[in-house]
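Each chain is listed here by its residues.
Number of protein chains: 2
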Amino acid sequence: MARAWHLKSRPTGMPTLDNFEIRDLSAAPLGEGQVRVRNLWLSVDPYMRGRMNDVKSYVPPFQLGEPMQGGAVGEVIESNNPGFSVGDKVMHMAGWRDEAVIGAESMPQKLPDMGVPLETWLGNLGLTGATAYFGLLKVAEAKAGDIVFVSAAAGAVGSAVVQIAKNKGMTVIGSAGGADKCAWVKELGADACVDYKAGPVLKQLAEAAPKGVDVYFDNVGGEHLDAAFALARDWARFAICGMIDVYNDGKPQEMKYIIRTIPARIRMQGFIFTDYIQHMGEFHQEMGGWVAGGKMQSRETVHEGLDAMPDAFFGLFSGGNTGKMLVKL
Amino acid sequence: MARAWHLKSRPTGMPTLDNFEIRDLSAAPLGEGQVRVRNLWLSVDPYMRGRMNDVKSYVPPFQLGEPMQGGAVGEVIESNNPGFSVGDKVMHMAGWRDEAVIGAESMPQKLPDMGVPLETWLGNLGLTGATAYFGLLKVAEAKAGDIVFVSAAAGAVGSAVVQIAKNKGMTVIGSAGGADKCAWVKELGADACVDYKAGPVLKQLAEAAPKGVDVYFDNVGGEHLDAAFALARDWARFAICGMIDVYNDGKPQEMKYIIRTIPARIRMQGFIFTDYIQHMGEFHQEMGGWVAGGKMQSRETVHEGLDAMPDAFFGLFSGGNTGKMLVKL
Chain V
1 MARAWHLKSR PTGMPTLDNF EIRDLSAAPL GEGQVRVRNL WLSVDPYMRG RMNDVKSYVP
61 PFQLGEPMQG GAVGEVIESN NPGFSVGDKV MHMAGWRDEA VIGAESMPQK LPDMGVPLET
121 WLGNLGLTGA TAYFGLLKVA EAKAGDIVFV SAAAGAVGSA VVQIAKNKGM TVIGSAGGAD
181 KCAWVKELGA DACVDYKAGP VLKQLAEAAP KGVDVYFDNV GGEHLDAAFA LARDWARFAI
241 CGMIDVYNDG KPQEMKYIIR TIPARIRMQG FIFTDYIQHM GEFHQEMGGW VAGGKMQSRE
301 TVHEGLDAMP DAFFGLFSGG NTGKMLVKL
Chain F
1 MARAWHLKSR PTGMPTLDNF EIRDLSAAPL GEGQVRVRNL WLSVDPYMRG RMNDVKSYVP
61 PFQLGEPMQG GAVGEVIESN NPGFSVGDKV MHMAGWRDEA VIGAESMPQK LPDMGVPLET
121 WLGNLGLTGA TAYFGLLKVA EAKAGDIVFV SAAAGAVGSA VVQIAKNKGM TVIGSAGGAD
181 KCAWVKELGA DACVDYKAGP VLKQLAEAAP KGVDVYFDNV GGEHLDAAFA LARDWARFAI
241 CGMIDVYNDG KPQEMKYIIR TIPARIRMQG FIFTDYIQHM GEFHQEMGGW VAGGKMQSRE
301 TVHEGLDAMP DAFFGLFSGG NTGKMLVKL
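Going down the list, the sequences are from chains V and F. Note that UniProt numbering numbers the first sequence so that position 243 is 243, with each residue one more than the last. Note that UniProt numbering numbers the second sequence so that position 309 is 309, with each residue one more than the last.
It is worth saying that the hints were derived from the structure and are not from the lab. Among the hints, a few may not be true.
Quick list of the computed label-pair ranges, beta carbon to beta carbon [what the hints assert, rightly or not]: (1) F/E254 / V/G320: 26 to 32 Å; (2) F/I277 / V/E207: 34 to 40 Å; (3) F/E254 / V/S85: 54 to 60 Å; (4) V/G189 / F/V59: 36 to 42 Å.
In this text, all values refer to a predicted model and were calculated from it rather than measured experimentally. Just so you know, even glycine gets a beta-carbon here, dropped at the ideal spot from N, CA and C.
With the hints as constraints, model all of the structure from the sequences given.
Encoded structure:
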C-alpha cells in the first residue's frame, strides 16, 4: 500500500512532527494518460516551509489533510500513457510519498541517461542547480571578474553558486557555519569562507573582501544581508533567493546598512527559479557540461526511508546538512 | 563683502549651528573664463546631510573649513567668459553663499526665459523635479495603471512624484505628516494620503491600497519602506531616493516584511538623479510642458537671507516644510 505524508496542521514557528501525518493512499487503477511512479529519491527544500502557511504566494499553500508535494525522481512502474514506458526514469513534483500516480496536469520529465547518479536530478541538474544558475547569472547578472558573496555556501543551492561562479571566472566568498563546512566550501573553489559561527559576519567579510562585493546571493537574510548592504560596491546586485534565518520565527530583521542602497545604487531583486524557465535549455546544456566534466561537485545528506522525511525537512533549519538534503527510498 | 557658510565641524547625529560658520570670502578679480554670480535663491536638500560626513559616496564630502555647496540660481554680475553676459540668469552648485565665482570646472547652466518664477529651476525644473521624474519613470519604470506609493509626498521631491504619476495616468497614494499636508497632497491629485502621524503606516496603506502597490518611491525608509515590502504586488519596483528617517540617527531599521522580496519578486534599486543625466533633454521637454500647462503645482517654504540658511536646512529633518525648502537672498 502506497503511503504519503499529509499536512495535518499548520505550524506557527518551527514545524514539528505534529504538523505531519503519514497515511495510506487509496489504490485506484490508472486513469487515461496517467502513469504510476515508484519514487526512489525525495527532495526536501527550504521553500516548502512557506507552503505550510496558508498565504497566497508564488506556489499555492499545501492543503490541510492533503498529501505534501515536492521534487522527486523515480521509475515508471505502470503506464497508461504512450509517452512513458515501464522502466523510464522521471523527475516530478509528487514527492513526500513512496508511490505517485501522475496525470496530464503535471506530467513528469523523462530523464536522459547522462551517466550521473539519479539524485543529481534533484541537485545540480534540478531545481537546486537551476536556482543557483538563474539567480547568479540572470538575476544578479554576475560576470567574470565580479566579487561574489554567497551565504549558506555549504548548502545545496549555495554550493552550486560557488562552483558556477568559479567556473565563470569570478572571485567567491562563501559563508557557512563551522570549520568543517568552510573547509568544504573552499574545496569547491571559494577564495575565502566566512564562518558565521566564529564571529560577526560583517567583520569577517570586510577582511575577506577588502574591495567590497559586486554580487550577493542571499539564502539566509538577517545579519548576512546587512553585511552585504554594508560592503556593496557601486552598482552591486543582490539576488534574493531565501531568508532561512527568518522562515520560522518571522521576527523583524535589523538592517543597519540598508541606507547604502542609495549611494551604492544597489539593486536587490527577489526571484523564483520558475521565473527563468525559458532559459532551462541553456541551463541544462551548460550545467550538463560541467557535471559531465567533473566541474560540479556535490554532497548529499541522506536520510533513509519515507518515515524519515519530516526529520530530513527539520534538518534544513538546524544547519545540520551539508549540500543537498535528500531522502532515499 | 561676499560671505559663505563653511563647514566648521562634522555632526554626529542631528546637525547643529555649531557645525557651521559664516565667513567672508576673499575678493579676487575674475580669472580667465570665470563669471561672478549674485545668488538670488539657494536650495537646501536632504542629501547635503550625507555630504557632512567624511565618507566616500557618490559626491565627495564637504571639506572642513571650506565653503558648503548646493544648488543655487542667480544673475551674472561680472563675466570674463564670452558665453555669459551680465544679466544672464543661471543655475549652478555654488550655493550656501551670496556671491559665487565660478570657473570652467563647473560652469553654470544658462536658464531660458520660460515665464516661470526663477526658483522653479531649483524645484520642479531642477534637481528636485529631475529626481522625481527619473526615479519614478526610469528607476521604478512606473507606467499608466500602476498603483504608486510615495513617502514624504508633501516634500519637494514627493510632491513632484505625485503630480508626475497623475499626469501619467497612475493611481497615487502619498504619505505625509498631518492633516494639512495630506490635504495638500490630495489637492495635487493623489487618490489617497496616509497621515503617518495619525497611526501606523501599514494599516492605513492597506486600506488605501487594498490591491497592494506596484511602485514605491522611497524618501524616508523605516516604517514606510517596511509597509511597502508588506504590500508590494508581484514584480513591484522600489525606487530608493532617500531615507530621511535615518540620516541623522543611523539606528538599525526593523524590516519585518523584507522577506516578501522573494515571493513578490520585488526589485529595490537605489539611485542618484545624475545616473540618468543622459535623459535631461527628455525631462526638460516633458516637465517644461507640464509646468507651462499648469500641470505641476509647487509650494515653497521660504527662509529669508543668507543667515537663515542653517535653519532652513535643519527644517528638512523636523518635518517643518511643505514643498521645496528655499532661502531667498
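Against the structure, the hints:
1. F/E254 / V/G320: 26 to 32 Å: Given a distance of about 29 Å, which is inside 26 to 32 Å, the answer is holds.
2. F/I277 / V/E207: 34 to 40 Å: holds, 36 Å
3. F/E254 / V/S85: 54 to 60 Å: The hinted range 54 to 60 Å holds for F/E254 and V/S85, with Cβ atoms some 56 Å apart.
4. V/G189 / F/V59: 36 to 42 Å: Given range 36 to 42 Å: holds, Cβ gap about 39 Å.
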